[in-house]
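Number of protein chains: 2
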Amino acid sequence: MSEGGVVQLELTFLGTGSALPSATRNHTCIALRLDAAVWLFDVGEGSQHQLMKSANIRIGKIEKIFLTHLHGDHVFGLPGLLCTMTNAVGGGNNREEESAAVSEEGSESATTTTSSKRPPLQIYGPSGTRKYVRNSLKSSYSRLGLDYLVHELLLNSDEATKTEEGEAHPNELQGTDLIIDTTTNSWSVFEDERCSVIASPLTHTVPSIGFVVTERPAAGKLNIDLAKPILERHKDVIASQLKIKNPMSLLAKVKAGNTVSLPDGTVILSPSDVVGPPRPGRKVVVLGDTSDNELIVPFCSDADVIVHEATNAKLSSDLRTTEEEVEKTTKDHGHSTPQMAGSFAKRCGAKSLVLTHFSQRYKGDKDEASLSVMREIRDLAVREFGCDNVTTAYDFYVHDVPRRK
Amino acid sequence: MSEGGVVQLELTFLGTGSALPSATRNHTCIALRLDAAVWLFDVGEGSQHQLMKSANIRIGKIEKIFLTHLHGDHVFGLPGLLCTMTNAVGGGNNREEESAAVSEEGSESATTTTSSKRPPLQIYGPSGTRKYVRNSLKSSYSRLGLDYLVHELLLNSDEATKTEEGEAHPNELQGTDLIIDTTTNSWSVFEDERCSVIASPLTHTVPSIGFVVTERPAAGKLNIDLAKPILERHKDVIASQLKIKNPMSLLAKVKAGNTVSLPDGTVILSPSDVVGPPRPGRKVVVLGDTSDNELIVPFCSDADVIVHEATNAKLSSDLRTTEEEVEKTTKDHGHSTPQMAGSFAKRCGAKSLVLTHFSQRYKGDKDEASLSVMREIRDLAVREFGCDNVTTAYDFYVHDVPRRK
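Residue numbers (the numbering used here), protein chains in the order written: chain R, 1 to 405; chain L, 1 to 405.
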């Protein structure tokens, strides 16, 4: 088999707050880095500012944007980011370009037509996403330096909103309407040589989506100690019949699943003898705002990491209320407590859980008082999860997803 | 005459950059404080973040928002600000509310319906403003804690976009369509006991507007040294016939333009004897992006302050280009150089000029290199203005507009 998946898979939390931004938490935006490529989940207002500050995420490397739902704190940064990406094609980030720019500025560069040289940006979101992006760009006379498509994940009750003639933005290519598969309650969103993405609806006050990114299985491990002597032993016949001087150059071919044989069919080295079984791909789950995520459970089993909101919590200092009361109010607003997140992670048999989307009163700074609150929130999730691998995210927190053994 | 105008009039520059935000300059947003009230001019992305950081501007005090034009770097912060204002009614700012909030959060408070207790927010902008605001709020399922109106300043070529039945957002009241007066090339935007606002179109790549805020004349100065002895001399008759024990309590009445007379008609003190002539009101001019502002000149004469963009400049270090070349490219993109701003201020006979909307390569920090560039930009404007009262704005710069003598 061919080498699938990616090498480096990591999440960067660019914004970890909920409805209101605060001095320590911006609106929601999560970047998933797949080697050099970047996928964003949600783009709250100010996400482009956070991206510029980020040490490891480059705006020009964004390939896909997934919107979990259309509440303003998750999408109001998208139009500005699209305009700024115009200035960041080719992987540059604005800070670099700023110092590089010496001639007079094309000024309103975010709104100037430039020819697109990169593949179109793929945007995925619930019904209404296409209209929102289109209207924002059209109202602001924005012309992008890249083309984009919006693929809508539609429920049976949603109206399809595909481009009607003459309505699209000049940079808009025709996206697809993905209708939910009601037997599995899911959408098959996307698949390439690295990953597949499946989505499923969540319960919230408006249509909300959870995304499951599953890496393709990686090639098994090559046992060098077994393979090298075999190639060494046949180096003369490899040189004379295959015209290959360095027999070790065949190691990569074998690892990629190819058999080394001579023109007469004699097998010199077969992958099955020296390459172990394929390693399962990693699974990353990013959920939108939710008070109930029953439908997505079957897709999340054995996840390496689950990103789950935990908007409100009952802290020990909250003497006027009970855990039950907080859970009820939180659910009434379409949200989750840390315990609900922990319980979900347990049901999925997840390896780790990252909590985010915190109320503005749970500060994301390093003050001891803030850290103490976040430890308490973490402990509430650990209690239900039954596993210690829980993190409360803060802005710019990077969560590595290590390769499976 | 009655006491008109305001006491404190000051501009706060919340964002001073152009198309791209940078680490030192956010997108355009300018706050005009009229005593406690706040009017905003433009709301680029991240303006709500800047407002939260501002020491002197409170989100809950915003009464009016003027949009000079609809380019994204001037309007992409508006939907988020409207949602956040929901949480800031009554003059609170979010930092205060954050520490005050101890019970579990109403979570998606930016999108929850709450009853409105404050006067509706007035928004003024070019054709398309109403649609932009409406679509952004509707797409994001936003329900505001305040109502709003959009008044559009229409050119003759613009289509009126008044609310059609069933189309408005639930918090949207019916705004007005202001058609340009083609004899004066202006709109009479607004008038109250404090100020009048006139607007006029500017040349840019899209419809752009300049706003002229003129304070009503203030009451003349009361000559206490003249007035006091007269009241003192008549204190007995004032006490017996007007039933006023403290004759000095009549000073405010006289200053407000009222004559003090006895029941039989005898005049004791007439304002004309002790109150000087009314002082002319202050004039504040805020221009949108522009490469030519000929039409607005007649309204800007004798302005106390002109806020003018100066996107690009020919610096001494730019050896590969000339002033003429930079001016041409700048104009081609619909923008101005510092010299163009200085020349405009001179034609208006302005008392002071503030430059803003700088290219991202003109940093707004306090590094000596940045300050040196900004001094050079300032000098280019001073040269044409013929007046030294020029400031290059930076984020959070506060410009006081002193009362006229």
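Treat the hints with caution; some may be incorrect.
Identical chains share a label here; the pair holds if one copy fits it or two copies do between them.
Restricting the straight-line Cα-Cα distance to at most 25 Å, the calculated cross-link-like pairs of lysine-lysine (DSS-like) are [what the hints assert, rightly or not]:
| hint | residue 1 | residue 2 |
| --- | --- | --- |
| 1 | K363 | K53 |
| 2 | K138 | K331 |
| 3 | K328 | K346 |
| 4 | K53 | K366 |
| 5 | K228 | K255 |
| 6 | K366 | K61 |
| 7 | K131 | K64 |
| 8 | K351 | K328 |
| 9 | K331 | K235 |
| 10 | K331 | K363 |
| 11 | K245 | K255 |
| 12 | K64 | K235 |
| 13 | K131 | K235 |
For the record, the hints were derived by calculation from the structure and aren't laboratory data.
Evaluation of the provided hints:
When the C-alpha separation of K363 and K53 is checked against a cutoff of 25 Å, the pair qualifies both within a copy, at 19 Å, and between copies, at 16 Å. Taking the shortest Cα distances, K138 and K331 sit within 25 Å of each other only across copies (23 Å), while inside one copy they are farther apart (37 Å). In this assembly of identical chains, the alpha carbons of K328 and K346 lie at most 25 Å apart only when taken from the same copy (21 Å versus 65 Å across copies). When the C-alpha separation of K53 and K366 is checked against a cutoff of 25 Å, the pair qualifies both within a copy, at 18 Å, and between copies, at 19 Å.
For a Cα distance limit of 25 Å, the shortest separation of K228 from K255 inside one copy, 12 Å, qualifies, whereas the shortest one across copies, 102 Å, does not. With identical chains, the CA atoms of K366 and K61 are never at most 25 Å apart, being 30 Å at best within one copy and 32 Å at best between copies. Taking the closest pair of Cα atoms, K131 and K64 come within 25 Å of each other only inside a single copy of the chain (18 Å); across copies the shortest separation is 28 Å, beyond that limit. Taking the closest pair of Cα atoms, K351 and K328 never come within 25 Å of each other, the shortest separation being 28 Å inside a single copy and 61 Å across copies.
For the homomeric pair K331 and K235, neither the shortest alpha-carbon distance inside one copy (68 Å) nor that between copies (71 Å) is at most 25 Å. For the identical chains of this complex, K331 and K363 are intra-copy neighbours only, at 22 Å inside a copy versus 46 Å across copies, given an alpha-carbon limit of 25 Å. Taking the shortest Cα distances, K245 and K255 sit within 25 Å of each other inside one copy (19 Å), while across copies they are farther apart (104 Å). When the C-alpha separation of K64 and K235 is checked against a cutoff of 25 Å, the pair qualifies neither within a copy, at 46 Å, nor between copies, at 82 Å.
Taking the shortest Cα distances, K131 and K235 never come within 25 Å of each other, neither inside one copy (63 Å) nor across copies (74 Å).
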